[in-house]
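Go ahead and model the full structure; you've got the sequences and the hints to work with.
Per the working numbering, residue 46 is the first one in the sequence shown, and the count goes up by one each step.
In case anyone wonders, no lab produced these hints; they're calculated from the structure. Treat the hints with caution; some may be incorrect.
Said to hold, decoys possible - Distance windows between CB atoms, simulated:
#: 1; residue 1: Pro-60; residue 2: Glu-125; range: 17 to 25 Å
#: 2; residue 1: Ala-74; residue 2: Arg-162; range: 29 to 37 Å
#: 3; residue 1: Gln-161; residue 2: Ser-79; range: 17 to 25 Å
#: 4; residue 1: Leu-155; residue 2: Gly-76; range: 20 to 28 Å
#: 5; residue 1: Ile-68; residue 2: Gln-137; range: 19 to 27 Å
#: 6; residue 1: Cys-52; residue 2: Asp-149; range: 15 to 23 Å
#: 7; residue 1: Ala-78; residue 2: Ile-49; range: 18 to 26 Å
#: 8; residue 1: Arg-66; residue 2: Ser-169; range: 33 to 41 Å
Quick reminder that beta carbons are idealized off the backbone N, C-alpha and C, glycines included.
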Amino acid sequence: MSYIQNCHITSIATPVAPGARVINGAVTANGRASKEENSGFAFVNCTIGGTGRIWLGRAWRPFSTVVFLNTTMSDIIASEGWNDFNDPTRDQTIFYGEYNCTGDGANTTLRAPYAQRLNDTQASLFLNVSFIDADLWLQSYTSQLI
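Below you can see the structure in the form of C-alpha cells.
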C-alpha cells in the first residue's frame with residue numbers, strides 16, 4: 046500500500062484542445078491482481094495540475110484500489126475520472142474512491158459508475174497511515190534513533 050500526502054502531481058502529457066475527448070495519461074495504474082494482495086494508493090491533501098487530459102486511475106489489474114481524499118484537481122482530469130482498462134468485468138472488483146475533493150476536475154457528476162463517493166466513515170480508513178499498516182514498520186516520530 047502507498048500513502049501519499051501533501052504532494053503536488055504535475056502531468057506533463059501533451060496538451061489537449063478544449064472540448065477534445067482524447068485521454069493521454071493516468072495518475073495511477075494499480076496492479077492489484079486479487080483481493081488478498083496488499084496494494085493500492087491513497088492520495089491525501091494533494092493537488093493535481095499540469096497538461097493533458099488524464100484519468101485519476103486505470104485498472105491495470107482486476108482489483109485495482111485507489112482513493113483521492115481532500116485533493117484539489119484541475120480541469121485536466123477527465124470527467125469520467127477513472128478507466129476499467131476497457132474490461133467491464135473489473136467494475137465489480139476495482140475500488141476507486143473520492144472524498145472531499147475540490148477544483149474543476151473534482152466534479153463527480155459524470156464519473157464512471159463504479160467510482161465511489163466516499164462518506165466520512167469510508168474515508169476515515171484512508172486518512173492516516175494505518176492504511177499502510179504503519180504501526181508495523183514505521184518508526185514513531187517520537188522515538189529516538191539508537
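A quick look at each hint next to the structure:
Taking 17 to 25 Å as the suggested C-beta distance range, the pair Pro-60 and Glu-125 conforms, at roughly 19 Å. Restraint check, Ala-74 to Arg-162: a C-beta distance of roughly 22 Å breaks the suggested window 29 to 37 Å. About 20 Å separates the C-beta atoms of Gln-161 and Ser-79, a value consistent with the hinted range of 17 to 25 Å. At roughly 26 Å, the beta-carbon separation of Leu-155 and Gly-76 lies within the given 20 to 28 Å, and the hint holds.
Hint check: Ile-68 to Gln-137, Cβ distance near 23 Å, so the stated range 19 to 27 Å holds. The given range of 15 to 23 Å is respected by Cys-52 and Asp-149, whose C-beta atoms sit roughly 19 Å from each other. Range check, Ala-78 to Ile-49: about 22 Å between beta-carbon atoms, so the 18 to 26 Å window is met. Between Arg-66 and Ser-169 the CB atoms are about 36 Å apart, so this pair conforms to the stated range of 33 to 41 Å.
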